[in-house]
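Chemist: Below, each chain spelled out in residue letters.
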Amino acid sequence: MSKRIDFQTDPSKYRHWKVSTDGEVATLTMDVDPSAGLFEGYELKLNSYDLGVDIELADAVQRLRFEHPEVKAVVMQSGKDRVFCAGANIRMLAGAAHAHKVNFCKFTNETRNTFEAAGAESGQYYICAVKGACAGGGYELALACDHIILADDASSSVALPEVPLLAVLPGTGGLTRVTDKRKVRRDLADVFCAMEEGVRGKKAVDWRLVDDAVPNSKFDETVAARVSEYAAKSQRPADAKGIELTPLKRTFNDDGGVTYSTVEVEVDRAKRRATITINGPADAAPASVEALHAEGAETWMLRCARELDDAILHLRLNELELGVVVFRTQGDPEQVVAHERFLLDNRSNWLAKEILLYWKRVLKRVDMTSRSLVALVEPGSCFSGVLAEILFAVDRTYMAEGDFEGDNRHVASITLTEANFGPFPMANDLTRLETRFLGEPERVGAARERAGEALEAFDANELGLVTFAYDDIDWEDEVRIFLEERASFSPDALTGMEANLRFAGPETMETRIFGRLTAWQNWIFQRPNAVGEDGALRRYGTGVRGEYDLRRV
Amino acid sequence: MLDLINVSYDTQIPNNVGLSSDKRVLKALERWHPGYINWWNDLIPRDFQESLVYLRTAVSVDPKGWAKFDYVKMPEYRWGILLAPQVEDRTIPCGEHAGQPAWQEVPGEYRNMLKRLIVIQGDTEPASVEQQRFLALSAPSLYDMRNLFQVNVEEGRHLWAMVYLLHKYFGADGREEADDLLRRSSGSEESPRMLGAFNEETPDWLSFFMFTYFTDRDGKMQLEALAQSGFDPLSRTCRFMLTEEAHHMFVGETGVGRTIQRTCEVMKENGIEDPYDIDRIRALGVIDLPTIQKKLNLHYTLSLDLFGQEVSTNAANAFNAGVKGRFHEHKIDDDHQLKDATYPVWDFDNGQLVQKDVPALTAINMRLRDDYTKDATGGIGRWNKIIEKTGVNFQLKLPHESFNRKIGVFADKTFDPDGNLLSGAEYDAKVGEWLPSHADGDFIQSLMVQVTEPGKFAGWIAPPRVGIDNKPGDFEYVQLHMA
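First to last, the protein sequences are chains A and B.
Take the first sequence: its letters are residues 8 to 560, numbered as in this note's numbering.
Take the second sequence: its letters are residues 1329 to 1811, numbered as in this note's numbering.
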């Protein structure tokens, strides 16, 4: 392991972004420090980005949600002259290992999805103010915003030059959002995506690539007007005070494990396995909304979400050889329900709502993690409500049946709540149970009728909530054999298989981005035409063109 | 048969490209023409539009006699489209296609790259006219005013040349780009010119001379590089433009030289030996040599920035594609592909300035910049000769390439003109000695008075040694229209 990539940061450490707020408006200024790349060997010129830049963006977006409830509109702009953003750094991509590229793209996609959803689900709208060249990943940042304003100055442009220039795809949602979100006509989209220099001014509006093209003299005025329009739509409370997202309590252990306050990550390198144990709340749920605000980042539901999120990202980027991730929980199932109940009952409060929305994102992050995911429902566990969602996110669930000899913890059970039937949809816009029971929709209703009950293994199995249930005679062996078998398969085939099986049901823009666009991109990222010694990505910057194998595959 | 040497006047637009039989391009150009005339008319103050200016107009691309001189009102100047004669069997001079026949049509794969190069080049041409639009109001003589207008109309013609290429070879996109060349405007908030240096006003005549010497020389180097293009129409266009560009640099070199000459003469006449006795020198109405050095420092370094990053992907791509060569590519003795060659460029290692060898292909900009510096050095020597002859003890010199840079490896760091890395505080304390201050600018401005009597010159500048077109000293180069 070279250098551990850390997803925790805060504005005092930012090198690339500046966030300022003024009443209901925040300004998010991208001003990438060329010399502050995450790795050696490239300079982040022209506001190009690497994972480090995106980690800051993700942090800023998250903090705007929690620390600035008063902000209704966020203006995304460049701090550089004549360039908005040149996209992902090419030399970084050319030099990066395949796995890093894939994980980098996945994380950037998740971040774009997060601020894209902020308007509709949380009343925090993103307005992209583009001056200068806005190319590739730069335009993909803009595409994820609610509104794009382009300076009409005969030089500012939007472009997706990946295909002609680099022999790769605009893989951070670019191709998909052009057609699905902005609904650019497909033939014009074809022209747009095959041209290096992009489209300017009025044509960009006519082709639906941007919403406004305005002269520089009217630019600030137009941005202000759009900000007001969007802010007026927002229900966010003007007078609320945010909570601070304090640094996580986190220890990296010598054996590779990570200890958080509610989450423990254990690593077994020989078995290529990570075990994530979530500990249920030790304290009672907040008694009132005021108490929730007073607890702030310490409240269990938020703390657990942040820690789980960080743990998953850590495993994804830093522990590539751990092929299986096992989820366990320990704690009082009723306490989990109580904490969750409190948030669901107080959804009209912005903070309660934001915590629930964050869980939605964290659960999607689990869905999207390309490791074999397994949940073990053991004695003493607390898979209730939001934690039970994990059972339906993973590839397989094993549940312990009845008493285990010599184990005085409570018998394993699962408690379904309202949380399993709506607030945490997957990328396909269905709940995990709806996706699970795509062929037997009546089973969702049957499960719902049992909500609130502590369902032990027999019932859980009957209801189809677990894959297998074993008593203490079989448990250890069955689980061991499965985990050993899983660790022996080809990681590539497993990634492909799992990703296909997880997302049954309808396509959405999000599933198309993750399932189609990035799958193609990841294929192209393996092909010599892009990444071979003589491929376009590797040759970029040398002046010599890529050499292509001209046979279509 | 098409006469490709002599200019045809059978269309509204003089040309040697057979425009009258190329209906499509003719139509496009005629549509563009009114916008261009509007641009010109809005730009240059009215009285000068009505004045008769003794200008040269290209009538042929034959090097022996390509221009004729006559009085003309600028808006009626015959801006034409002139390409140097086609060279039989010309081949692509560099890059991966080196040795193949030069392209007579745009190769699809390099269309965007070529278009971008032409647009950037095209954008600088009208920009300089815009930057210089008010200078005639303070012209030190009719001779200088005429030279200014000559430069202006020829920059206008260079715009025409680029627009022709856009119209002829780049279809609807090309027409759109040609329109945008008139939409962007120097210093405009709305839509500035593409390159930073072309958005600064040229505030006075010393700046104009420095600009034509240093910045037009960047233009010359770019044209030299584009003259080596494998895209033959671009090469031919640029080769002819270079004929005209030489005059612009002549205006710059002699303008600065005459300023120096006058300063030294006045110093000598008044018994001033110390060139740093600035107050006394200025009191005599001439520009002191240290201030001229400061102006030189400024314009030279701004011009260096125009060459872009030392290591550049775009430049490498363009060379390898064969669409842009090096200075005098055909005289360089190498493989013209730069497969394994390296070239030294400046870089930083632990805060130390070092020269590193990088693949020569990626250092094309750097090489052109080095060639530029060599090219720019000649005039400095001649200026120093002028000073020496008058017996004043002073030498002008080019500052180190690290000084006052905004682009490339030296940007964001502070160097003195000798190339020593300084702390910000050290730099701030001394920068007034190296770069012109507002007060210096105000002083130069105070000398800028219009002189319109034939044969007379403002007090800060010496007359030229010979007239344009060998005209006598009191020749009325501009018959001013006084409204």
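Don't take each hint at face value.
[Said to hold, decoys possible] Short derived list, chain A residues pointing at chain B, Cβ under 7 Å:
| hint | residue |
| --- | --- |
| 1 | T36 |
| 2 | E204 |
| 3 | G205 |
| 4 | N223 |
| 5 | S224 |
| 6 | D484 |
| 7 | A506 |
| 8 | G548 |
| 9 | V551 |
[As the list claims (entries may be wrong)] In the SDA-like style, the derived pairs of lysine to any residue whose C-alpha atoms are separated by at most 20 Å in a straight line are:
| hint | chain 1 | residue 1 | chain 2 | residue 2 |
| --- | --- | --- | --- | --- |
| 10 | B | K1684 | A | Y21 |
| 11 | B | K1401 | B | Q1432 |
| 12 | A | K225 | B | E1517 |
| 13 | A | K52 | B | L1763 |
| 14 | A | K87 | B | D1508 |
| 15 | B | K1741 | A | A43 |
| 16 | A | K138 | B | K1401 |
| 17 | B | K1684 | A | T549 |
| 18 | A | K52 | B | D1508 |
| 19 | B | K1684 | A | K209 |
| 20 | A | K209 | B | E1517 |
| 21 | A | K87 | B | K1684 |
| 22 | A | K52 | B | S1513 |
| 23 | A | K138 | B | L1523 |
| 24 | A | K209 | B | S1513 |
| 25 | A | K210 | B | A1500 |
| 26 | A | K87 | B | K1596 |
| 27 | A | K210 | B | Q1637 |
| 28 | A | K225 | B | I1735 |
| 29 | B | K1734 | A | D38 |
| 30 | A | K87 | B | K1401 |
| 31 | A | K225 | B | A1739 |
| 32 | A | K87 | B | K1392 |
Hint data in this document are derived by calculation from the structure and do not stem from the laboratory.
Cβ atoms here follow ideal geometry from the backbone N, Cα and C, with glycine treated the same way.
Chemist: Decide, hint by hint, whether the structure agrees.
Modeler: Hint check results:
Taken as an interface hint, T36(A) does not check out: its beta carbon lies about 18 Å from the nearest beta carbon of chain B, beyond 7 Å. At about 5 Å, the closest approach between the beta carbon of E204(A) and any beta carbon in chain B falls short of 7 Å, and the interface hint on this residue holds. For G205(A), the interface hint is violated, the least distance from its beta-carbon to any beta-carbon of chain B being 10 Å, above 7 Å. Evaluation of the N223(A) hint against chain B yields a held restraint, the C-beta minimum of about 5 Å falling below 7 Å.
With a cut of 7 Å, the hint placing S224(A) at the interface with chain B holds, because the nearest CB-to-CB distance is about 6 Å. Interface restraint check for D484(A): the shortest CB-CB distance to chain B comes to about 59 Å, outside 7 Å, so the restraint is violated. Nearest Cβ of chain B to the Cβ of A506(A): about 35 Å, over the 7 Å cut. The hint is violated. At a threshold of 7 Å, the smallest CB-CB gap from G548(A) to chain B is about 4 Å, leaving the interface hint in force.
For V551(A), the suggested interface contact is upheld, since its CB lies about 5 Å from the closest CB of chain B, less than 7 Å. Restraint check for K1684(B) and Y21(A): not satisfied, since their Cα atoms lie roughly 32 Å apart, outside the 20 Å limit. Taking the CA atoms of K1401(B) and Q1432(B), the gap is near 36 Å; set against the 20 Å cutoff, the hint is violated. Taking the CA atoms of K225(A) and E1517(B), the gap is near 10 Å; set against the 20 Å cutoff, the hint holds.
About 28 Å separates the Cα atoms of K52(A) and L1763(B), which puts this hinted pair outside 20 Å; it is violated. Between K87(A) and D1508(B), the direct Cα distance comes to roughly 23 Å. Violation of the 20 Å bound is thereby established for this hinted pair. For a cut-off of 20 Å, the pair hint linking K1741(B) to A43(A) stands: about 17 Å separates their Cα positions. The suggested pairing of K138(A) with K1401(B) is violated, with an alpha-carbon distance near 40 Å, which exceeds 20 Å.
Among the hinted pairs, K1684(B) with T549(A) is consistent with the structure: their alpha-carbon atoms are about 16 Å apart, no more than 20 Å. The suggested pairing of K52(A) with D1508(B) is violated, with an alpha-carbon distance near 27 Å, which exceeds 20 Å. A distance of roughly 45 Å separates the Cα atoms of K1684(B) and K209(A); the hinted pair therefore is violated under the 20 Å criterion. For the hint pairing K209(A) with E1517(B), the CA-to-CA distance comes to about 18 Å; that is within 20 Å, so the pair holds.
Distance check on the hinted pair: K87(A) and K1684(B) sit about 28 Å apart at the alpha-carbon level, beyond 20 Å; violated. Straight-line distance between C-alpha atoms of K52(A) and S1513(B) comes to about 27 Å, which puts the hinted pair past the 20 Å bound. This hinted pair checks out: K138(A) and L1523(B) have alpha carbons roughly 15 Å apart, not beyond 20 Å. Our distance criterion of 20 Å between C-alpha atoms is met by K209(A) and S1513(B), whose separation comes to about 18 Å.
Between K210(A) and A1500(B), the direct Cα distance comes to roughly 13 Å. Compliance with the 20 Å bound is thereby established for this hinted pair. Note on K87(A) and K1596(B): the hinted pairing is violated, with a Cα-Cα distance of about 50 Å set against a maximum of 20 Å. With a C-alpha separation of about 31 Å, the suggested pairing of K210(A) with Q1637(B) is violated against the 20 Å cut-off. Using a Cα cut-off of 20 Å, the hinted pair K225(A) and I1735(B) is violated, with the two alpha carbons roughly 29 Å apart.
Taken as a hint, the K1734(B) and D38(A) pair is honoured in the structure, with Cα atoms around 17 Å apart against an allowance of 20 Å. For the suggested pair K87(A) and K1401(B), the alpha carbons sit about 43 Å apart, so the restraint of at most 20 Å is broken. For the hint linking K225(A) to A1739(B), the alpha-carbon distance of about 32 Å lies beyond 20 Å, and the restraint is violated. For the given pair, K87(A) sits about 49 Å from K1392(B) by alpha-carbon distance, which is inconsistent with the 20 Å threshold.
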